[in-house]
Amino acid sequence: MKGDKIIFFQIIIILLLICLFGFLINNLIINLIRTDLGFNFSWLLKPASFALAEHALPYSPSDSYAWALLIGWLNSLKVIFVSLFLSTILGIIIGLSRTGNNVLLKIISSFYITIIRQTPLLLQLMFWYFVGFLGLKNNFINFTNLLKINNQGIEFLGLSLTSEFSALIIGLSVFTSAFIAEVIRGGIISVPKGQWESFRSLGLSERNGLIRVIIPQALPAIIPGLTSQYLNLAKNSTLAIAIGYSDIYAINDTIINQTGRAIECFIILLLTFLILNLLITNLMETINKFINKKNFLY
Amino acid sequence: MNTIIKVKNISKSYSRGLLALDNVSLKVNQGKVLVIMGPSGSGKSTLIRTFNGLETFDAGEIDILGIKINSNYDERRIQKIRKRVGMVFQQFNLFPHLSILDNITLAPLNVQKRTRIDAEEFGMYLLNQMGISMHAGKYPSQLSGGEQQRVAIARALALKPELLLFDEPTSALDPERINEVLDVMRKLAQDGMTMVVVTHEINFAKDVSDQILFMDSGKVIETSTPDIFFSNAKHERSRKFLNQLDK
Numbered sequence: 001m002k003g004d005k006i007i008f009f010q011i012i013i014i015l016l017l018i019c020l021f022g023f024l025i026n027n028l029i030i031n032l033i034r035t036d037l038g039f040n041f042s043w044l045l046k047p048a049s050f051a052l053a054e055h056a057l058p059y060s061p062s063d064s065y066a067w068a069l070l071i072g073w074l075n076s077l078k079v080i081f082v083s084l085f086l087s088t089i090l091g092i093i094i095g096l097s098r099t100g101n102n103v104l105l106k107i108i109s110s111f112y113i114t115i116i117r118q119t120p121l122l123l124q125l126m127f128w129y130f131v132g133f134l135g136l137k138n139n140f141i142n143f144t145n146l147l148k149i150n151n152q153g154i155e156f157l158g159l160s161l162t163s164e165f166s167a168l169i170i171g172l173s174v175f176t177s178a179f180i181a182e183v184i185r186g187g188i189i190s191v192p193k194g195q196w197e198s199f200r201s202l203g204l205s206e207r208n209g210l211i212r213v214i215i216p217q218a219l220p221a222i223i224p225g226l227t228s229q230y231l232n233l234a235k236n237s238t239l240a241i242a243i244g245y246s247d248i249y250a251i252n253d254t255i256i257n258q259t260g261r262a263i264e265c266f267i268i269l270l271l272t273f274l275i276l277n278l279l280i281t282n283l284m285e286t287i288n289k290f291i292n293k294k295n296f297l298y
Numbered sequence: 001m002n003t004i005i006k007v008k009n010i011s012k013s014y015s016r017g018l019l020a021l022d023n024v025s026l027k028v029n030q031g032k033v034l035v036i037m038g039p040s041g042s043g044k045s046t047l048i049r050t051f052n053g054l055e056t057f058d059a060g061e062i063d064i065l066g067i068k069i070n071s072n073y074d075e076r077r078i079q080k081i082r083k084r085v086g087m088v089f090q091q092f093n094l095f096p097h098l099s100i101l102d103n104i105t106l107a108p109l110n111v112q113k114r115t116r117i118d119a120e121e122f123g124m125y126l127l128n129q130m131g132i133s134m135h136a137g138k139y140p141s142q143l144s145g146g147e148q149q150r151v152a153i154a155r156a157l158a159l160k161p162e163l164l165l166f167d168e169p170t171s172a173l174d175p176e177r178i179n180e181v182l183d184v185m186r187k188l189a190q191d192g193m194t195m196v197v198v199t200h201e202i203n204f205a206k207d208v209s210d211q212i213l214f215m216d217s218g219k220v221i222e223t224s225t226p227d228i229f230f231s232n233a234k235h236e237r238s239r240k241f242l243n244q245l246d247k
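Line by line, the protein sequences give chains V and X. Going by our numbering, the residue at position 169 of the first sequence is 169; the numbering climbs one at a time, nothing skipped. Going by our numbering, the residue at position 3 of the second sequence is 3; the numbering climbs one at a time, nothing skipped.
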């Protein structure tokens, strides 16, 4: 009797979902007819006719919208992967400082995590851009041409980064690192205290014990949390538009303004983000499986 | 005769003013076995754990193998002690992600920087001694409690320690598994290993120990030979404890 009831409710819910979806599709079609644009992607091949400050591949305004979108994606990927790397390193350092024995480091890292986690990312990006970079003098840091930091951005060993890119990766990395630090800390405190005593009593140094005993056991608890932080980072990178960095979202926005192709643009954005995040998830799952296989049976 | 452990008037208080250790002194000579007994919460675990720096203390001095430590936690000295003193825990604390042999070779490889061949050869020798060499490639979770504890003893022996500390080594074992661990410990004592053992195993204490140290609420109530302690304990408190154990 009870099973029948559950099936009945499930059917009702599915019907409601179909209705909702149909309603949305209907709205879409009505609007497409009203704007007289139709639904197609042929406009992708027309010239974009807007300039982009940052492009990893050659780009000029006479290139197509499709090419502009690709440039946008490359700009986004650049930000996502650099921030992913930096936030992980920073997160590990801060997470370890918070679990370690050094009282000063503990206080500093707790303070860092609290401040960063309790304030909006948008605000932090604005801060790094307007206060952090645009507020700098022309010659803020100039270390014999090896490292230059000023209101134009960062120049390091001939590699020059714009102030928008620099502010974005610093903002995203700092923000994400605070969350990663908590994930790391959670993983480490999930390892029983006896394991610490055990490696210490064997004369292993703290560093050695951490690497060989604690972290291998903490990883299965860390990886899932880390994955969701990486996914957040990828999605948060679209806030680039706020400080004028031409990432995929900003370029999409420009294209929508120019062509009115909001639906197609959003579909492109949606699908490409979906693919990217599925890739990240799969990669992390592979890593997780590898770790669990290595430590099988516990 | 060489003195391995010399503890002079050590005290430790918890934040609420409770004394975990209250002016404890003791001495253990080379090749001797000291058994520490006492009701739970009497400070016996705390005491044994100060010997290798797993637990700090507030006053007094400890001399282990000629290395002196006091209330200032001197990490370098404690590290020196740990390289020469082995410890076995109630919960075995084997590394679950490492095979049995890797558990044993971890410290020789990373602390003593021995070669892998050398470390594994000695590891296999120790497992043989413990009667569990057939489990070398398995993981801790595949072994019974008694087997795991014997691995833990082998792991403690891998650094060729001059002193072994046992913190209630049989308390987490099924009753029928206790003897296989005690037998190994008996053999170690016969071979002349200096040992400090926190335990409730009366028979082991009677047969193996050279001295019994009885503690209650952080204080040493009495130190006697096992003959005297079990037949004619000096203190009322000790006799009461023994009566309760018998029941």
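It is worth saying that the hints were derived from the structure and are not from the lab. Fair warning: there could be bad hints in the mix.
Computed list of lysine-lysine pairs in DSBU-like fashion (alpha-carbon distance at most 35 Å, straight line) [what the hints assert, rightly or not]:
{"no.": "1", "chain 1": "X", "residue 1": "83", "chain 2": "X", "residue 2": "6"}
{"no.": "2", "chain 1": "X", "residue 1": "160", "chain 2": "X", "residue 2": "32"}
{"no.": "3", "chain 1": "X", "residue 1": "234", "chain 2": "V", "residue 2": "193"}
{"no.": "4", "chain 1": "V", "residue 1": "235", "chain 2": "X", "residue 2": "32"}
{"no.": "5", "chain 1": "X", "residue 1": "68", "chain 2": "V", "residue 2": "106"}
{"no.": "6", "chain 1": "V", "residue 1": "289", "chain 2": "X", "residue 2": "27"}
{"no.": "7", "chain 1": "X", "residue 1": "240", "chain 2": "V", "residue 2": "193"}
{"no.": "8", "chain 1": "V", "residue 1": "289", "chain 2": "V", "residue 2": "78"}
{"no.": "9", "chain 1": "X", "residue 1": "6", "chain 2": "X", "residue 2": "113"}
{"no.": "10", "chain 1": "V", "residue 1": "289", "chain 2": "V", "residue 2": "46"}
{"no.": "11", "chain 1": "V", "residue 1": "193", "chain 2": "X", "residue 2": "138"}
{"no.": "12", "chain 1": "V", "residue 1": "5", "chain 2": "V", "residue 2": "78"}
We went through each hint and held it up to the structure:
A threshold of 35 Å between alpha carbons decides the hint, and for residue 83 of chain X with residue 6 of chain X the separation of about 18 Å falls inside it, so the pair holds. Restraint check: the Cα-Cα separation between residue 160 of chain X and residue 32 of chain X comes to about 17 Å, which is no more than 35 Å; the hinted pair holds. Between residue 234 of chain X and residue 193 of chain V the alpha-carbon distance is near 38 Å, which puts this suggested pair outside the 35 Å criterion. Between residue 235 of chain V and residue 32 of chain X the alpha-carbon distance is near 66 Å, which puts this suggested pair outside the 35 Å criterion.
Between residue 68 of chain X and residue 106 of chain V, the direct Cα distance comes to roughly 30 Å. Compliance with the 35 Å bound is thereby established for this hinted pair. Restraint check: the Cα-Cα separation between residue 289 of chain V and residue 27 of chain X comes to about 52 Å, which exceeds 35 Å; the hinted pair is violated. Pair hint residue 240 of chain X plus residue 193 of chain V holds up; C-alpha atoms about 34 Å apart against a cutoff of 35 Å. Distance check on the hinted pair: residue 289 of chain V and residue 78 of chain V sit about 27 Å apart at the alpha-carbon level, within 35 Å; holds.
About 30 Å separates the Cα atoms of residue 6 of chain X and residue 113 of chain X, which keeps this hinted pair within 35 Å; it holds. Simply put, residue 289 of chain V and residue 46 of chain V have alpha-carbon atoms about 45 Å apart, too far for the 35 Å limit, and the pair is violated. Restraint check for residue 193 of chain V and residue 138 of chain X: the C-alpha separation of about 23 Å stays at or below 35 Å, so the hint holds. For a cut-off of 35 Å, the pair hint linking residue 5 of chain V to residue 78 of chain V is broken: about 52 Å separates their Cα positions.
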